[in-house]
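Participant: Sequence:
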Amino acid sequence: MIDYASVQQGLALLFSSFDPWMVVVPGIVLGLIFGATPGLQISMAMAIFLPITLYMDFMQAMLFLTAIFTGGSFGSGIPAILMNIPGTSSAIATAFDGYPMARKGQHNQALGIALASSVVGVLIGYVILFIMIEPLSLMVLKLGPVEMFIVILWGMTLIASLKGEQVLKGLMAGFVGLLAGTIGFSEIGIARGTMGQTYLLDGIPVIPAMMGMFAASELFKLANKGFIVESEDSRKVNIREILVGCKMAFSYPLVLIRGCLIGVFVGAVPGVGSSVSNLLSYVETKRRDKDPESFGKGNPKGVVASESANSTSEAGSMATLLALGIPGGGATAVMLAAFAMHNITGGPQFIRQQTDVVYAIIFANFAQVFILIVVGLMFIPLLANIVKVPMRYLIPSVLVLAVMGSFGLTGNMTGPATVLVFAIIGWILRHYGYSVPAAVIGLLLGALAEKSLIHSYQISGGDIGYLFERPIALGILALLLISLFGQPLMKRIKARRAANA
Numbered sequence: 305m306i307d308y309a310s311v312q313q314g315l316a317l318l319f320s321s322f323d324p325w326m327v328v329v330p331g332i333v334l335g336l337i338f339g340a341t342p343g344l345q346i347s348m349a350m351a352i353f354l355p356i357t358l359y360m361d362f363m364q365a366m367l368f369l370t371a372i373f374t375g376g377s378f379g380s381g382i383p384a385i386l387m388n389i390p391g392t393s394s395a396i397a398t399a400f401d402g403y404p405m406a407r408k409g410q411h412n413q414a415l416g417i418a419l420a421s422s423v424v425g426v427l428i429g430y431v432i433l434f435i436m437i438e439p440l441s442l443m444v445l446k447l448g449p450v451e452m453f454i455v456i457l458w459g460m461t462l463i464a465s466l467k468g469e470q471v472l473k474g475l476m477a478g479f480v481g482l483l484a485g486t487i488g489f490s491e492i493g494i495a496r497g498t499m500g501q502t503y504l505l506d507g508i509p510v511i512p513a514m515m516g517m518f519a520a521s522e523l524f525k526l527a528n529k530g531f532i533v534e535s536e537d538s539r540k541v542n543i544r545e546i547l548v549g550c551k552m553a554f555s556y557p558l559v560l561i562r563g564c565l566i567g568v569f570v571g572a573v574p575g576v577g578s579s580v581s582n583l584l585s586y587v588e589t590k591r592r593d594k595d596p597e598s599f600g601k602g603n604p605k606g607v608v609a610s611e612s613a614n615s616t617s618e619a620g621s622m623a624t625l626l627a628l629g630i631p632g633g634g635a636t637a638v639m640l641a642a643f644a645m646h647n648i649t650g651g652p653q654f655i656r657q658q659t660d661v662v663y664a665i666i667f668a669n670f671a672q673v674f675i676l677i678v679v680g681l682m683f684i685p686l687l688a689n690i691v692k693v694p695m696r697y698l699i700p701s702v703l704v705l706a707v708m709g710s711f712g713l714t715g716n717m718t719g720p721a722t723v724l725v726f727a728i729i730g731w732i733l734r735h736y737g738y739s740v741p742a743a744v745i746g747l748l749l750g751a752l753a754e755k756s757l758i759h760s761y762q763i764s765g766g767d768i769g770y771l772f773e774r775p776i777a778l779g780i781l782a783l784l785l786i787s788l789f790g791q792p793l794m795k796r797i798k799a800r801r802a803a804n805a
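Under the numbering used here, the first residue of the sequence shown is numbered 305, with each subsequent residue one higher.
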């Protein structure tokens, strides 16, 4: 059901002042730039500019961060189409058919298809969120501390399981992040893990640590390159042909709708997000098509399937963040940090007590869809040339922004030192195949996981049998176990059947 009183309050909150809207266009532009630059992740952009939101009110901060998210979802498809280099992991499947289209001279149409699919994806995703947010808020009220603790573990398990054979490394990174998140004073006033350092008594500064692991560590990988992309191939863009491509996207309504549904529901699963949804949508579209052999050779349906799914997953991950207080991935992990900066706790209480704010965020994203159309058409010619910026200019600029922002947050050298230390940690994790998103989400949720575990112990009196009285907790625990052991078990069953045959 839709709470129409809260809808009216949300609209009044959103349109009572023009101030929140002043940050939307800059946010979309930043998202487009970072999304369109290979190696510069959307979560990196949000982490770098997160300190700025400290000087905004909560609504303005949410509009700014979601605008970066929206712009980045489309921007990541630009280099995937033009140069076969996905701007982010959410655009991997976009390159499968987008780049062959560009090689055929259809790069303008492919860009138009990507823009239209992204716009439709965001719109449908938030429509679904608007309809489902009230039933979702009633459902999540049944979640207690036991369920929240298991959900946190499940989210990190899903992130770890995406690495296939490196699941153990992902789990290790997540649990190390959880332990790091408990450093400092506990709820009963006991200092843990400070190693005698007084600046750790309040815990690790999460935002500078996130900036180091997401932003600086990624740039270290690019330090030896003269340019992000060395190719000098023609990347001319024709606006009229892009509009033709926008019309082409609507020639495949079933592919659009299927991609949107896959995106919103996969995006709602903690730890999965657009990196998986675009691949699932692409694979499902190829499987159902009458001519699957045409995929990978410039089939427009492949671009539609990927872009609609990765854009719609934004709404799904926002549903998880708003309803459960659990980030679905790196971008929503940054948004969770913004919640903390404004002394707001996401989750059941937030969605029940501030429903008007939730609706205002949803309606703001409806408006961002139409702004993305205009800004996207204006900036595509410029964004295609960002890859020509020499790394000797790009790396120092990004690092200076990160260091200055962290210093502004802490007011001393603790912030810049944290950025440096966690940049090195992030680089080491990436180098040896450990999951950086799992470590960051563990760091963010360490205190929440500890609190939920303590409350569960207090409620149950230490009796493990209490778990068997919570059917929802058992269901989530079953999903966690399937995430860990489902794939290896299926492989064994198939191998045994093959041996018997």
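Since the hints were derived computationally from the structure, they do not count as laboratory data. It is possible that some hints are incorrect.
Calculated lysine-lysine pairs in the DSS-like style (CA-CA distance at most 27 Å, straight line) [claimed, not checked]: (1) 473 / 795; (2) 551 / 473; (3) 594 / 408; (4) 551 / 798.
What follows is a list of derived Cβ distance ranges for each label pair [stated by the list, open to error]: (5) 656 / 794: 37 to 43 Å; (6) 670 / 543: 20 to 26 Å; (7) 506 / 308: 29 to 35 Å; (8) 307 / 682: 34 to 40 Å; (9) 448 / 544: 53 to 59 Å; (10) 778 / 725: 24 to 30 Å; (11) 694 / 506: 38 to 44 Å; (12) 501 / 803: 52 to 58 Å.
Quick caveat: nothing in here was measured; it's all calculated off a predicted structure. Each residue gets a CB set at the ideal place from its N, CA and C atoms; glycine is no exception.
Participant: Can you give the numbers of the hints that this structure goes against, from lowest to highest?
Facilitator: 2, 4, 7, 10
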